[in-house]
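Top line first, the protein sequences correspond to chains R and C. Residue 96 in my numbering sits at position 96 of the first sequence, with consecutive numbering throughout. So the mapping is simple: my numbering equals the position in the second sequence, first residue as 1, plus 166.
Worth double-checking, as some hints may not be accurate.
Said to hold, decoys possible - The calculated lysine to aspartate or glutamate pairs, modelled on DMTMM-like cross-linking and capped at a C-alpha distance of 25 angstroms, are: (1) C:227 with C:317; (2) C:573 with C:189; (3) C:489 with R:78; (4) C:474 with R:163; (5) C:816 with R:111; (6) C:816 with C:637; (7) C:178 with C:641; (8) C:816 with R:41; (9) C:178 with R:149; (10) C:573 with R:78; (11) C:573 with R:48; (12) C:816 with R:148; (13) C:816 with R:163; (14) C:370 with C:250; (15) C:544 with C:756.
Calculated directly from the structure, the hints in this document are not laboratory data. These numbers come from a predicted model, not from an experiment.
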Amino acid sequence: MSSVATPDFAWDELARAATRLGDEAEAEVFHEFLAFPLGADRYALPVDRVREVVRLRQITPVPRVPADILGVISLRGEIVQVLDLSQRLGGSIGLRTPTSRIVVLHGREGDAAGLLVETIASVLRVPEHAFRDAPDSDTDFVSRLCEDEGDFVSILNLEKVLDLGE
Amino acid sequence: MAASGKESAGSKAQREFVSEAEDILERMRDDLSELAEAAGGGAEPDPDLINSLFRSAHSLKGLSGMFGLESLGELAHRLEDLLDGLRMGRLVLGADGLALFDDAIETLSTALVELQASEIGTATRETIAELLGRIEGFGGNESASEDAFGDLALPSSILRALTEYEEHRLRDNLRRGRGIYVVGVDFEIANFEQGLAEVTAMIKEVGEILSTLPSPGETPDSQIRFSLLTGTDLSAADLATRLELHPDSVETAMAPCPSSNTAPTPESSPALTKPEDEDQPSEPQREAVQESGSLKSISGTVRVDIRKLDELMNLVGELALQKGALKHLTDRLTSETSTLGAGTELGKIYRGLERKLSELQAGVLEVRMVPLRQVFDKLVRVVRRLRLDQRKEVRLEVHGVDTELDKLIVEELVDPLMHLVRNAFDHAIEPPAERIRAGKEAEGTIRLEATQRGNDVVITLSDDGRGIDTERVLERARTQGLVDAEEEFSEREILDLVFHPGLSTREAVTETSGRGVGMDVVRSNIASLGGIVDIESTAGRGTTITLTLPITLAIIQALIIGVGEHHFAVPLNSVRETLLLDRSEIQSSEGREILNLRSEPLVVKRLAREFGIEEEARGAKIYVVVLGMGDARMGLIVDRLEGQQDVVIKPIQGPVSNVRGIAGATELGEQGAVLVLDVSAFIEDLGRRTVPIFDRSRVRRSDA
Numbered sequence: 001m002s003s004v005a006t007p008d009f010a011w012d013e014l015a016r017a018a019t020r021l022g023d024e025a026e027a028e029v030f031h032e033f034l035a036f037p038l039g040a041d042r043y044a045l046p047v048d049r050v051r052e053v054v055r056l057r058q059i060t061p062v063p064r065v066p067a068d069i070l071g072v073i074s075l076r077g078e079i080v081q082v083l084d085l086s087q088r089l090g091g092s093i094g095l096r097t098p099t100s101r102i103v104v105l106h107g108r109e110g111d112a113a114g115l116l117v118e119t120i121a122s123v124l125r126v127p128e129h130a131f132r133d134a135p136d137s138d139t140d141f142v143s144r145l146c147e148d149e150g151d152f153v154s155i156l157n158l159e160k161v162l163d164l165g166e
Numbered sequence: 167m168a169a170s171g172k173e174s175a176g177s178k179a180q181r182e183f184v185s186e187a188e189d190i191l192e193r194m195r196d197d198l199s200e201l202a203e204a205a206g207g208g209a210e211p212d213p214d215l216i217n218s219l220f221r222s223a224h225s226l227k228g229l230s231g232m233f234g235l236e237s238l239g240e241l242a243h244r245l246e247d248l249l250d251g252l253r254m255g256r257l258v259l260g261a262d263g264l265a266l267f268d269d270a271i272e273t274l275s276t277a278l279v280e281l282q283a284s285e286i287g288t289a290t291r292e293t294i295a296e297l298l299g300r301i302e303g304f305g306g307n308e309s310a311s312e313d314a315f316g317d318l319a320l321p322s323s324i325l326r327a328l329t330e331y332e333e334h335r336l337r338d339n340l341r342r343g344r345g346i347y348v349v350g351v352d353f354e355i356a357n358f359e360q361g362l363a364e365v366t367a368m369i370k371e372v373g374e375i376l377s378t379l380p381s382p383g384e385t386p387d388s389q390i391r392f393s394l395l396t397g398t399d400l401s402a403a404d405l406a407t408r409l410e411l412h413p414d415s416v417e418t419a420m421a422p423c424p425s426s427n428t429a430p431t432p433e434s435s436p437a438l439t440k441p442e443d444e445d446q447p448s449e450p451q452r453e454a455v456q457e458s459g460s461l462k463s464i465s466g467t468v469r470v471d472i473r474k475l476d477e478l479m480n481l482v483g484e485l486a487l488q489k490g491a492l493k494h495l496t497d498r499l500t501s502e503t504s505t506l507g508a509g510t511e512l513g514k515i516y517r518g519l520e521r522k523l524s525e526l527q528a529g530v531l532e533v534r535m536v537p538l539r540q541v542f543d544k545l546v547r548v549v550r551r552l553r554l555d556q557r558k559e560v561r562l563e564v565h566g567v568d569t570e571l572d573k574l575i576v577e578e579l580v581d582p583l584m585h586l587v588r589n590a591f592d593h594a595i596e597p598p599a600e601r602i603r604a605g606k607e608a609e610g611t612i613r614l615e616a617t618q619r620g621n622d623v624v625i626t627l628s629d630d631g632r633g634i635d636t637e638r639v640l641e642r643a644r645t646q647g648l649v650d651a652e653e654e655f656s657e658r659e660i661l662d663l664v665f666h667p668g669l670s671t672r673e674a675v676t677e678t679s680g681r682g683v684g685m686d687v688v689r690s691n692i693a694s695l696g697g698i699v700d701i702e703s704t705a706g707r708g709t710t711i712t713l714t715l716p717i718t719l720a721i722i723q724a725l726i727i728g729v730g731e732h733h734f735a736v737p738l739n740s741v742r743e744t745l746l747l748d749r750s751e752i753q754s755s756e757g758r759e760i761l762n763l764r765s766e767p768l769v770v771k772r773l774a775r776e777f778g779i780e781e782e783a784r785g786a787k788i789y790v791v792v793l794g795m796g797d798a799r800m801g802l803i804v805d806r807l808e809g810q811q812d813v814v815i816k817p818i819q820g821p822v823s824n825v826r827g828i829a830g831a832t833e834l835g836e837q838g839a840v841l842v843l844d845v846s847a848f849i850e851d852l853g854r855r856t857v858p859i860f861d862r863s864r865v866r867r868s869d870a
């Protein structure tokens with residue numbers, strides 16, 4: 001699969017459809033992931049952690065927080081922090097382009113958290129056997145890989161990504 | 167995640183059950199602790215309390231049945247039976263009985279907590295089973311056999327009409343050597359209820375009404391006669407005088423027997439300490455009365471989930487935003503001649519809307535307000551219990567129980583207040599012997615008082631205990647390396663060390679230094695409510711802890727300020743004034759910037775520097791926002807003042823849960839999310855020099 005920018009509504013539909021599939025197709029163990037490119041690499045996160053995907057909007061910076069936290073956005077009155085995934089994974093400051101999106105995740109305790117990504121590509125359906133353990137790293141940001149048409153996609157370990165050492 | 171988002175169909179019903187059952191348990195706890203206190207003082211159990219407990223157990227049984235919670239229903243049922251035995255005098259409540267009820271209530275409340283989350287745990291179920299066994303075995307205290315009323319000069323028509331409970335009360339009065347009389351009173355049918363209530367009240371002042379029976383007599387058709395079976399120490403003549411009745415109206419069934427009423431023997435059934443509750447239903451009717459009572463609400467109040475109020479409050483907040491847009495449009499229309507007419511019209515409508523909106527806002531806010539009474543009552547009970555358990559003479563005085571605060575704040579206050587009261591009880595108040603040596607009353611006093619001051623509520627907790635030994639606190643802080651060994655500290659600064667996590671968690675020094683443990687947690691709890699904690703202490707005389715809290719967190723008026731390209735909101739209740747000054751008026755002392763404010767020094771901080779953001783190009787004029795909480799003041803230097811707004815403070819969701827100095831955020835139309843400053847944090851951090859007393863989990867710096 002390759003990076004395809006699709007309109008927002010389609011993404012919401014897709015995410016919902018994937019969630020539904022995930023509920024029904026229990027006999028056949030497939031896992032759904034939202035996949036997106038970051039620089040030259042591909043990353044993915046579990047669809048069931050995705051609350052919604054929204055367009056880039058005004059991000060209010062917050063003082064006294066690590067630089068990975070870009071600031072907060074207002075989401076229909078809810079105030080949600082936005083994390084720059086690119087910086088968080090040790091890269092440069094994430095690009096903000098017309099295709100940039102904020103992936104709003106269900107956080108650890110029912111609260112929400114936003115991830116800035118450059119663009120959204122696709123929903124991956126991964127059969128159980130396609131998972132591989134990721135090579136060891138000290139951050140543990142990536143727990144597993146999955147193979148997709150010969151390429152590896154890194155699956156984010158959100159518990160670690162969202163844990164800013166409190 | 168997925169599980170946290172969905173709710174099972176039963177969960178709403180469960181919440182309803184839990185909330186009602188909590189109320190019942192609360193009442194039972196109240197009654198029980200009063201019983202326990204009376205028992206501790208050697209008095210006999212008050213039948214009113216037993217009855218009240220009985221009614222509560224009965225309601226709980228019904229409620230549990232309605233929600234299909236069999237194990238709770240079973241326990242409530244057994245308790246009800248047990249209480250019935252007690253009120254009928256078949257059983258005697260001893261220390262083991264008290265302990266049994268205490269355990270049962272605690273188990274029930276554990277079960278409620280578990281139910282609130284999901285379902286009753288296995289351990290709790292086992293405890294319930296064990297309690298049922300204990301109740302089963304509680305038959306050992308059967309009281310003396312019943313004797314007939316042969317000696318009584320009572321007409322059989324009255325004796326036959328007595329319920330089992332009334333017979334028990336009659337027997338009890340006889341045992342205590344009281345006189346038993348039948349008081350006959352005639353009333354006009356038209357208003358007999360009022361007359362009967364008056365006579366009942368008068369009799370209760372001197373004794374107990376055992377039974378109220380309408381009786382046939384030679385009365386005119388417009389009148390009705392009542393026979394009041396009364397137990398009292400007074401003689402028949404005295405009773406008649408007291409009731410302003412003709413002596414013939416009082417018939418003696420048994421004259422009082424003064425010698426035996428002073429010291430009831432331990433074997434005797436509960437003696438009366440208070441007159442009988444007048445609405446005590448008679449035995450055959452009690453089930454019916456209580457069933458109907460549980461179906462129909464008496465108070466006319468509505469129980470509302472606080473989340474629904476939050477939703478309403480959000481809507482009001484959004485309306486306030488729309489109002490801002492409308493104001494904008496109105497101003498634009500009135501500023502141009504061609505649309506002046508329409509603009510003026512719209513202006514009128516706007517002002518009408520604004521008035522109604524602020525009424526709506528005040529209304530919604532008011533609904534959220536609850537008095538502190540419940541929390542204070544709880545604390546009184548805790549102290550009563552501690553007093554009994556630890557045999558330590560301490561009195562808790564409470565004042566200002568009607569002071570109101572936002573429901574959410576009140577709930578969050580329970581734990582910190584409980585902690586402070588326990589600290590005072592355990593550590594601050596000396597043992598009686600030590601107090602007497604120090605020339606104090608043997609009984610220690612803890613005084614809890616709440617008052618409203620403007621938009622703040624101030625709660626003070628003072629004790630007349632040993633006070634905080636500042637020397638020992640400093641010594642301890644030095645040996646633990648929390649402060650520099652060389653440095654000198656003022657008394658105030660040392661008292662502030664009590665909130666240091668390093669010092670506050672060590673229990674070893676508490677007994678001698680007279681300060682509490684866990685004070686850092688108290689401070690951070692109060693700070694999360696936007697409040698501050700202050701402490702004053704005089705060695706040997708006592709300690710006063712002051713909590714200053716905002717009345718509500720839900721919607722506040724805020725001053726919007728600008729620094730560089732950033733905007734922040736400052737809660738207006740902590741803004742004392744704003745100043746426009748020449749930059750040259752800022753002086754400095756000991757590395758701190760200060761300002762001469764009407765001949766008083768005011769420490770000022772630059773918000774830009776505090777938050778590591780860029781200021782605007784420096785002009786000659788600066789704005790200073792003077793912040794105040796309690797008696798503390800400070801100034802904040804900002805670039806711009808951008809006006810007032812009503813804002814709804816929202817928590818910030820995301821991986822970094824708390825940012826020092828930020829209380830939350832709000833949405834402000836075109837500016838998107840705007841951060842709200844936590845004034846209490848700024849003021850707390852103001853006096854700190856060398857001691858970085860931060861709640862560590864709250865501190866985040868951009869360079870971290």
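* Asked: What are the numbers of the hints the structure violates, in ascending order?
  -> Structure breaks hints 1, 4, 6, 7, 8, 9, 11, 12, 15.
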